[in-house]
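What follows is each chain in one-letter form.
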Amino acid sequence: MPIETWLIFILGFMIVGSIMALEIKDLLSSIIAIGIVGLALSVAFLFLQAPDLAIVQFLFEIFAIIILILAFLKKEYHKKDDPSNTNKILTLVTVITLGAILFFSIDVFKALPAFGEPYMNTAKYYLENGATETGSANLVSAIILDYRAYDTLGEVTVLFTAILGALTIIRIKKKSSGTEEDVV
Amino acid sequence: MILYILCFILLLVGLYGVLTKKDLIKIILSLSIMGYAANLFLILFAYKNDAIFPILSESAVQEAMVDPLPQALVLTSIVIELGITAMLVALAVRLYQKYKTFDITKIRSLSG
Amino acid sequence: MKSQEGMTIIVKTVTRISVWLIFVYGIYIIFHGHLTPGGGFGGGVIIALGFLNVFLAYGKEYIKKWLNIGLLHDLEATSAILFVGIGIIGIAMTGGFLANFLSKGTLFRLFSAGTIPLLNILIGAKVGVALFLVVWSLSLFHIDEGGEQ
Amino acid sequence: MILPYFIIIPLLAAFLITLFSREKDYWSITVSTIASATMLVLSIVCFITLKGETFIYNLSGWKIPFTICLVRDSLSCFMIVIIQLISFTSLLFSVNYIRHISSSWKYYSLFMFLVAGMNGVVSTGDIFNLFVFMEIALFAAYALVSYGGKAFEFEAAFKYAVIGSISSTLILVGIGITYSATSSLTLAHIAQVLPQKPDILVWVGVLFLVGFGIKAAIMPFHAWLPDAHSSAPAPISSMLSGVLIKALGIYVLIRLFFNVFGAPPVFMNIFMVLGAASIIIASFLAIGQWDMKRLLAYSSISQIGFILLALGISTKLAILGAVFHIFNHAIFKSLLFYNAGSIEMAIGTRDLREMGNLKSVLPVTYSTSLIGTLSVSGLPPFNGFFSKLIIIVACVQAGYITYATIAIIGSLLTLAYFLKVQRYAFHGDKLFDVSEKSIGGGMKFAMLFLALLCVVTGVLLIPALRQSMLDPIVDTIFNKTEYIKLVLGSL
Chain A
17 MPIETWLIFI LGFMIVGSIM ALEIKDLLSS IIAIGIVGLA LSVAFLFLQA
67 PDLAIVQFLF EIFAIIILIL AFLKKEYHKK DDPSNTNKIL TLVTVITLGA
117 ILFFSIDVFK ALPAFGEPYM NTAKYYLENG ATETGSANLV SAIILDYRAY
167 DTLGEVTVLF TAILGALTII RIKKKSSGTE EDVV
Chain B
289 MILYILCFIL LLVGLYGVLT KKDLIKIILS LSIMGYAANL FLILFAYKND
339 AIFPILSESA VQEAMVDPLP QALVLTSIVI ELGITAMLVA LAVRLYQKYK
389 TFDITKIRSL SG
Chain C
523 MKSQEGMTII VKTVTRISVW LIFVYGIYII FHGHLTPGGG FGGGVIIALG
573 FLNVFLAYGK EYIKKWLNIG LLHDLEATSA ILFVGIGIIG IAMTGGFLAN
623 FLSKGTLFRL FSAGTIPLLN ILIGAKVGVA LFLVVWSLSL FHIDEGGEQ
Chain D
55 MILPYFIIIP LLAAFLITLF SREKDYWSIT VSTIASATML VLSIVCFITL
105 KGETFIYNLS GWKIPFTICL VRDSLSCFMI VIIQLISFTS LLFSVNYIRH
155 ISSSWKYYSL FMFLVAGMNG VVSTGDIFNL FVFMEIALFA AYALVSYGGK
205 AFEFEAAFKY AVIGSISSTL ILVGIGITYS ATSSLTLAHI AQVLPQKPDI
255 LVWVGVLFLV GFGIKAAIMP FHAWLPDAHS SAPAPISSML SGVLIKALGI
305 YVLIRLFFNV FGAPPVFMNI FMVLGAASII IASFLAIGQW DMKRLLAYSS
355 ISQIGFILLA LGISTKLAIL GAVFHIFNHA IFKSLLFYNA GSIEMAIGTR
405 DLREMGNLKS VLPVTYSTSL IGTLSVSGLP PFNGFFSKLI IIVACVQAGY
455 ITYATIAIIG SLLTLAYFLK VQRYAFHGDK LFDVSEKSIG GGMKFAMLFL
505 ALLCVVTGVL LIPALRQSML DPIVDTIFNK TEYIKLVLGS L
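Same order as they appear, the protein sequences are chains A, B, C and D.
Take the first sequence: its position 68, counting from 1, is numbered 84 in my numbering, and each next residue is one higher.
Take the second sequence: its position 85, counting from 1, is numbered 373 in my numbering, and each next residue is one higher.
Take the third sequence: its position 111, counting from 1, is numbered 633 in my numbering, and each next residue is one higher.
Take the fourth sequence: its position 445, counting from 1, is numbered 499 in my numbering, and each next residue is one higher.
Hints should not be assumed to be uniformly reliable.
Below are the DSSO-like pairs computed for lysine-lysine, each with C-alpha atoms no more than 27 Å apart in a straight line [what the hints assert, rightly or not]:
#1 D:K251 <-> D:K78
#2 A:K140 <-> D:K539
#3 A:K140 <-> D:K117
#4 D:K498 <-> D:K413
#5 D:K484 <-> D:K413
#6 B:K388 <-> A:K41
#7 D:K213 <-> A:K104
#8 D:K204 <-> B:K386
#9 A:K41 <-> A:K104
#10 B:K310 <-> A:K104
#11 B:K386 <-> A:K41
#12 B:K309 <-> D:K213
#13 B:K310 <-> D:K534
#14 D:K213 <-> B:K394
#15 C:K626 <-> A:K140
#16 D:K498 <-> D:K484
#17 A:K104 <-> B:K388
#18 C:K582 <-> C:K534
#19 B:K388 <-> D:K213
#20 B:K310 <-> A:K41
#21 D:K105 <-> B:K336
#22 D:K539 <-> D:K370
#23 D:K117 <-> D:K105
Calculated directly from the structure, the hints in this document are not laboratory data.
Same shape as in the complex, but just chain A (with noise of 0.2 Å):
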């Protein structure tokens, strides 16, 4: 089979997960139900010929669920099922504008390259020259890391302000002093 039509059948399986996920009620099967379309994402990234990104996005995937699970499954959210009213006029007109941007978009997908077809005037540079000069066998890994470590830097230090945020934003109360304590 060629490889558009498998890429189609995940992305079919990824769309009909993401709204299952949405609109099923109990909190458990949508985080799963996430979970899954996050792995086929990693599926279409080794289709796509991506190995990195289909390792860290495999392990990210699993660690986000694990992230929510923890976070969200505890006994207490449970008490009530609250299924607030859905307003149906909202929805209505919510997915008929999003409708109208998907048939007035579909122009500017004719005028991209086609898929399979890309111009790559860049990536022949660093497909020619980018293993002598910067002596790395995989080259996703000389351009992170020596072409563009300016973003990689960046990335570590968004990494860093996230961590630095949820912890600044989870500050437990002491229960003796009464006063926000940094707890780590």
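Dock chains B, C and D against the given chain A, drawing on the hints supplied.
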């Protein structure tokens, strides 16, 4: 072409979730769907027919390879998405602690 | 294991062995980041998942005794500083911030590619520690939740 | 060569604060103040020694299409000066202010990340790098908005984070489409290729306009701003309103739509319509507010509208007005947020109905806020007057009488709601038993310093100073293709 449109539909599904869902957790999940779609877009743009992954090996002869640059970008983007998920989860947990609910229509001490 | 926290003895025993294998695998992935798929981010998450494994199997109290959380914070900050430091050395040696100033070595060898493996190790240490700390702090929150309102 | 240090210094400061955090906060205050002061001096040196030239700094020692470059031209240096100025005064203001909430090294560390992110955005010449540094600034902003730990602060931060994350995803898709169409990420290369593909340009333009429009809080995308900016601690409000929406929103819009896309007329018309809508609607919303900081936040949207309207007209005079208004708005809006913060610290409320007669008990706050009010309302001789006058004259010159009328009405409405603030906060018959002793020296200095700048920066319009300071910036924006030549010429 059809793949791009399907991917765009995935993005719109995420956007639909953010705009209509009332549950904080569902909103966080919708944002991660949007993130998947954006990442997949970049990698779809990078694929080249009959090319292999951009890692040289000692034995094989030089073959056509896919574009490595979007892969590097998506690596960054995945990490950023994990960061935003962690922060949103922390915020949602704190909001639950304050309001005892995840329903956004009941969390309305601010107006506008 | 005298504490009643965590999972059953079977899980604990399996974890005690498997966690080291997970660490070794994560370190392998990090060190071969410039040769095979993976690298600092992938390997770092594997290490974080290893910590997480212990955490889920043995519980909070054991982790508190086993690891020094403050030290982990310092490790995270130190690896970030070293990352910037390598960048500054790059300015000093070649004029470009974050330049690859070491010799490139031979292709396909473990010790090659200049600063790339160094940066991979730093990223791996940072990501591994940082992601574990997220889960740790989120879980701490439930200890004495619900004091307000 | 000077540009990387604007990233290195705040990042190192933030990491060092994290590494050596102690119980007391002296260490973090010392490190962050030294870092901020150093950057302020460096930024002024950087701006003065530039003389209208453009320097390219290639990172990692490779050439530009294949690596990231930092571009040092008058526009980015100008933004860097504003960022350092406001962040330095905010830091001085924070030292006393944040102690009354909860002083911690985390605050200073996040503050440094905020500054690093903004410096990264305005100095880079690469579109994906811009995205990464934008995320650093935003993550720090989300955490700082919720710093006080109250319920409504978490709510505001959650809203901000969700809307910010949607816009970031749209921007990422836009970057993907751009890369697919041009096969490059360097802004100058994109600028060469993209304007030849008008159908893609329109869609990428719409994605970027929505994405960065959300960051700049232009009218239909403004929903997060009043909550986030009013919930944050006062020094952070002034950072967010004063520089963050400009560095992440307006600056990027200028860079992309003028230098990269070549100012396509359809987008210039959209700019004008959105700008005019922001001015009028936000002013009316501001009049109805009783929360002082919310009022100031709505006023920010309205002033951003002035800048956007002027950019849409895109004559040389209008751009001069926009650039000058960016500078002035940063100064007086930060000043007004400091005033709100010092009132909140003194009497513990932000509700205008509960204030009154603070004129006698808080003299410094009163006098500086009077200057800020007169300046933001556009009364002579303060700086706000000149920039608004230039914008209105430019409207008339370009033949947009309707827009000129809207700008004048908006200006009058601004005066109206700030008179409301003055009337309810500082004049009245309530008595408060507070004194200005609780407000520390750093806070007073920050307010007085910015008030002084409000008075004196009108001199930037004196022809000699204008030619050396403001005109190079206007030229950078106005001569759209010059950017491509300058960046690619120095390969």
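Hints that the structure is at odds with (numbers, increasing): Result: hints 1, 13 and 21 break, sorted rising.
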